[in-house]
Amino acid sequence: HDLDLSELWRVLSTFRQRDGFTNGDLAEIHEAFHRYHTDGMGQVETMEVGKMLYWLGYSVPFEIQQMLVDKVDISNKGNVDMYELKKLIRMLQGRSLAGVRASFHKLCRDEHGIIGVREAIGLLKMNGCVEERPEPLYTPKDMTEDDQGNKGFRISGILAACQRSWDRSRRRLQANCGFQPQHVQDLREMFRYFDTDKNDSIDMKELGQMIKQAFPELAQDPSMRPRLLQILAQIDPNKNGRLDFRGFLMAMQLIRERQDQAKVIKEHEAITAVGLSQIQVKELRDLYSEQNGEGLTSISKIQIISMVCKVCHFPRSSIPEFSKAFLEVKERSRIGDKASDDMDFPEFLFLMKMLHDADFGGIASLNQAKYGSC
1 HDLDLSELWR VLSTFRQRDG FTNGDLAEIH EAFHRYHTDG MGQVETMEVG KMLYWLGYSV
61 PFEIQQMLVD KVDISNKGNV DMYELKKLIR MLQGRSLAGV RASFHKLCRD EHGIIGVREA
121 IGLLKMNGCV EERPEPLYTP KDMTEDDQGN KGFRISGILA ACQRSWDRSR RRLQANCGFQ
181 PQHVQDLREM FRYFDTDKND SIDMKELGQM IKQAFPELAQ DPSMRPRLLQ ILAQIDPNKN
241 GRLDFRGFLM AMQLIRERQD QAKVIKEHEA ITAVGLSQIQ VKELRDLYSE QNGEGLTSIS
301 KIQIISMVCK VCHFPRSSIP EFSKAFLEVK ERSRIGDKAS DDMDFPEFLF LMKMLHDADF
361 GGIASLNQAK YGSC
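Taking our numbering, the leading residue of the sequence shown gets 1, the next gets one more, and so forth.
It should be emphasised that the hints constitute simulated quantities derived from the structure, not laboratory data.
A hint or two may mislead.
Said to hold, decoys possible - Derived DSBU-like pairs: lysine-lysine, alpha-carbon spacing no greater than 30 angstroms straight-line:
1) K77 x K324
2) K106 x K125
3) K198 x K263
4) K263 x K71
Using the sequences and the accompanying hints, generate a full structural model.
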């Protein structure tokens, strides 16, 4: 029967309370939250957000994770509650849906228009949808017909096909410890290479050799051995000191989590050290993200020069002064003999603080006018 006004209101109220999630989605989100909720106060540290997203099947680059955390943790308290986690996931899903809509509108200006099957297949694949037999890329229910009887897709059909494909991808990521299929393939090759005795398992020594080559920054960390033992204890229930491929995937997942945790700590320390306000940090992150594309871990010196040109006067004659500050920041964070012309976000914050203190290109005066005293 048709819904009367009171029934419609109850449906809308329930939908709002669930933030648009299904019962199954909410159950998973609650399970992920309580898996990492340890403070007894109904909150999870922001450095655990990446773990929760991986556990839920979302493969999100670190920089995008931090950008989303910034948007939900507006008071910079360093943790998120259940409501903020749901909001973050909704924003993440919204980014994907916005990408699909933008792709559709490039092909069809009319919101209620139709695109052809070939165009639709290209759009779906461009937005991360893959055909996984026996599951098709799309179904007949997703399609429609125009006035001439030609079959095609409206935006609603495209979004329905995308949602199903993304859900399948999330399930696959959950089964693969948060790694994409191509990454799993690469890790399998790595596993075979370091399985020197070819017995379909690797021991602690072989794992150590792999880390030295694949993660040199971890290998140079003097605290790495106890961490490796801790990782092995988590994923080696038989205590035989060996990992099969599934255990190896879990080890890679834990190593990635530790890397992300180290990045979060480095970022928090940088924000504290430079003494910028939350608004200033957010604006610098937005500026950084413009050059950073889809969540790359660092950006080049040329890209940083382009950014600085947007916020202050930067004549050619100032390049030596800028290069000196750039090298000074890079020298502070050098690991061993490793040198790079790329900067991560914490290094970028230190650089901007240094340029501000030197009033490079009048940047301090501009900030004074915008924010008052810093």
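Structure versus earlier hints - violations, ascending order: 1, 3
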